[in-house]
Structure formats: C-alpha cells, structure tokens
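Whole structure, please, built from the sequences with the hints as guidance.
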Amino acid sequence: MSLIIPVGEDDHFQGSLDAPAILVEYGDYQCPNCGAAYHVVKALQERFKDDLCFVFRNMPLTQTHRHAQLAAEGAEAAAAQDKFWEMHDGLYENQANLGPGLLERLARALDLNIERFEEDLAAHHFHGRVRRDFMGGVRSGVNGTPTFFINGERYNGYADEEELAVAIEQVLNHPGSRKDSADRPHTRR
Amino acid sequence: MEALKAGAQAPDFKLPSTPDQEVSLAEFSGRPVVLAFYPADWSPVCTDQLALYSELGDEFKKYGAAVLGISVDGAWCHAAFAKDRGYRIPLLADFEPKGEVARRYGVYREDDGVSERALFVIDRDGKVHWSYVSPMGVNPGADGILQALETLPGEKRQERPKKTGAGA
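From first to last, the protein sequence lines are chains A and B.
Numbering-wise, the numbering used here puts 42 at position 42 of the first sequence, and it's gapless, one number per residue.
Numbering-wise, the numbering used here puts 131 at position 131 of the second sequence, and it's gapless, one number per residue.
Please note that the accuracy of each hint is not assured.
To be verified - Chain A side only, calculated, beta carbon under 8 Å to chain B, not exhaustive:
| id | residue |
| --- | --- |
| 1 | L61 |
| 2 | T62 |
| 3 | G128 |
| 4 | V138 |
| 5 | R139 |
| 6 | N143 |
| 7 | G144 |
| 8 | L172 |
Unchecked claim - Beta-carbon label-pair distances, calculated as ranges:
| id | chain 1 | residue 1 | chain 2 | residue 2 | range |
| --- | --- | --- | --- | --- | --- |
| 9 | A | N97 | B | R31 | 36 to 46 Å |
| 10 | A | N173 | B | S24 | 51 to 61 Å |
| 11 | A | N33 | B | K5 | 19 to 29 Å |
| 12 | B | V138 | A | D160 | 11 to 21 Å |
| 13 | A | G157 | B | D58 | 41 to 51 Å |
| 14 | A | H39 | B | D112 | 31 to 41 Å |
| 15 | A | R105 | B | E27 | 31 to 41 Å |
| 16 | A | P100 | B | R88 | 22 to 32 Å |
Said to hold, decoys possible - Partial selection, computed: residues in chain B whose CB lies under 8 Å from chain A:
| id | residue |
| --- | --- |
| 17 | P11 |
| 18 | D12 |
| 19 | A51 |
| 20 | L52 |
| 21 | S54 |
| 22 | R88 |
If you're looking for bench data, these hints aren't it; they were derived computationally from the structure.
All C-beta atoms, glycine included, are put in the ideal place defined by N, C-alpha and C.
Spelled out as structure tokens, the structure:
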C-alpha cells in the first residue's frame, strides 16, 4: 500500500522535504505503541541526521483512547502558534498523564497564548484537520497505530529501531525509488 | 474451502449479538452490509481492526451500511470484549453450531476451529459485492471496504481523497 496523500508543506515535518528518506508516521497520542515509537523515531533521527525527514500525521482511535482526539487537536492548536513539535514531544514524554490537565500545563510551559489555545480546543477548530489526516491514513491502508511509510510505501515490519533503520538504509542505497513526490502520477488503482 | 465471491447470493443467518438478542442478515435488506469475520476476540490484530471499524462509523453511515463483526466466540465473551474496548459495532456469536455461518461463507478453517479474517460487502439486494480474505496475522484495514461501498450498484458517491498535495 502507498500513501495517497503526498508529503508536503502542509504536513508537520522535521528535516528537509528534499531529504533522501522520508518517514511518515500515522500516530495516536494515547497509544502505548506510539509512545514507544516516539523514542525509536528520535533515535533514528539522531542516527540518520539530514538524510531523514520525519512527518507526523494524526490517527487518533477515539473509541478506545478517550483523550486521543483532544491531544491531536491540542498539538494542532500548538502548531497554529508554531509549537507543534514542542507539544508533540511533551505529549509523548508525559503520555502516562495524558488528559486536559496535561494539555494546559504544556501550553503554559510553552508560553502559548492560552486564551487562543483553549478557544481552539473548545471550538474544535482543528477537528477537520485531524479527520483529514485520519481518513488519508485509512485510504492509504493504515490499519492501526503506529503505521509508518518510508518514501511513500507502507512499512510492515516492527516499530523497532534496528528494523526501521534497515528499511531506511535500503531506500538510501536505492535513490530514485521515491513514490511520494507530488508530481508523480497517481497509480494506485 | 473458498470464500464466496462477488455475485453470489449472501446466505442469510441469525446469530446472537448479545446474550439475549439476535441479529439476522435479512433485517438489513435494502441496506449494504459489511461482514467482518475474524478469528477470535482478544487477539491483538482483531483488536486494531475492530477499533478502526468502530472509529469509521460515520463513514459507513454515509452509505447506510451496517457493519457486523463475527467470530466463533460466545455472546458473553463478545459482551466483555466489546465493553472492554468500547467497540460500537455489533459482534455476532457464530458459536452454535460452531462456525456454521463462516462455513456457509466459505471462510471456516477446519484445522484451527476459527474463521478466516475475511471481509464481505453485501449489496442492497443481498448479493456479495466484494469479498476479501486477509492473511491471518494481517489486519486488512478499511480501505478495501470503503472502495467496495463506493462502487455499489446505484451508489452515487464516488469521492476519493483527492491528490491535492500539500495545501488541501
């Protein structure tokens, strides 16, 4: 399965969109496996440096994780104040305490405009954005969290550092296999 | 044993959905039905799969589709499982005679005593419109189901997420 929504400027990304390897994660802030994957991704970023661009997209499974949607909207609300990654990291590093209280504490610690942040959450201003990520994931064959795509192709292995590193090295050693560039024809069906 | 293919008449059935309620296929006549056979409650792969289908309730509703999970587990087991996970789709107990409905759909694994992980989309006239048997350990996701619902006879919705790139 391939990504049907190509990676672009509208995404939350760390590194360069021109990097030879692009790792996309569909994740849920309350999912314990995503909490573990958070540290795996950090290690991969440390290992591959500028060769790796990391993209995070929202895949909250709200029926099983009651704070997942709120957390996703909270990260988007922080993004609107240029603090997406700070909020993202804070949520995963404090995953055990996830809830409205944590969001507010993080928002204050990040010196966000609290009034605006809370208004964004109360009015669900970013609900649509989160849902768009979610449905893009579903249509790309995301079937649980975390699901990774490497250069546009679904990664089906375990979310552990060594296995992901092997897959990333593979695309680094075979440049030109990018399937996620926006100008490539849509060949999925 | 081969899973029923597109065009086959979907066999009717009546199975417990709770310890004191039963659900039959016939009662959904006129609506598309998604049947998700899965091997067992509590196994990790099913868990993600059913969570995803529960999550997509609104998407399925756009097609008026009913989504039913089916395994050979008993109704009390289903009840505990659904409560624990917060699932909102009915889970049917293909428990007595064991696996009978799975057999009729061609997705019973005699050696294992459980059904395949198989998906059927049944059209408004009760015919199989699409079917898919996933490898046992693989969560088939929902993309195939949504594509099948989009291509149902008389279905006007043909929306796909557009390849708009970045600035959507």
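Results of checking the hints against the structure:
| no. | hint | result |
| --- | --- | --- |
| 1 | L61 | holds, 5 Å |
| 2 | T62 | holds, 6 Å |
| 3 | G128 | violated, 10 Å |
| 4 | V138 | holds, 5 Å |
| 5 | R139 | holds, 5 Å |
| 6 | N143 | holds, 4 Å |
| 7 | G144 | holds, 3 Å |
| 8 | L172 | violated, 24 Å |
| 9 | N97/A with R31/B: 36 to 46 Å | holds, 43 Å |
| 10 | N173/A with S24/B: 51 to 61 Å | holds, 56 Å |
| 11 | N33/A with K5/B: 19 to 29 Å | violated, 35 Å |
| 12 | V138/B with D160/A: 11 to 21 Å | holds, 19 Å |
| 13 | G157/A with D58/B: 41 to 51 Å | violated, 32 Å |
| 14 | H39/A with D112/B: 31 to 41 Å | holds, 36 Å |
| 15 | R105/A with E27/B: 31 to 41 Å | violated, 50 Å |
| 16 | P100/A with R88/B: 22 to 32 Å | holds, 23 Å |
| 17 | P11 | violated, 27 Å |
| 18 | D12 | violated, 29 Å |
| 19 | A51 | holds, 5 Å |
| 20 | L52 | holds, 6 Å |
| 21 | S54 | holds, 4 Å |
| 22 | R88 | holds, 6 Å |
Checked against the numbered hints given earlier, this structure breaks hints 3, 8, 11, 13, 15, 17, 18; the rest are met.
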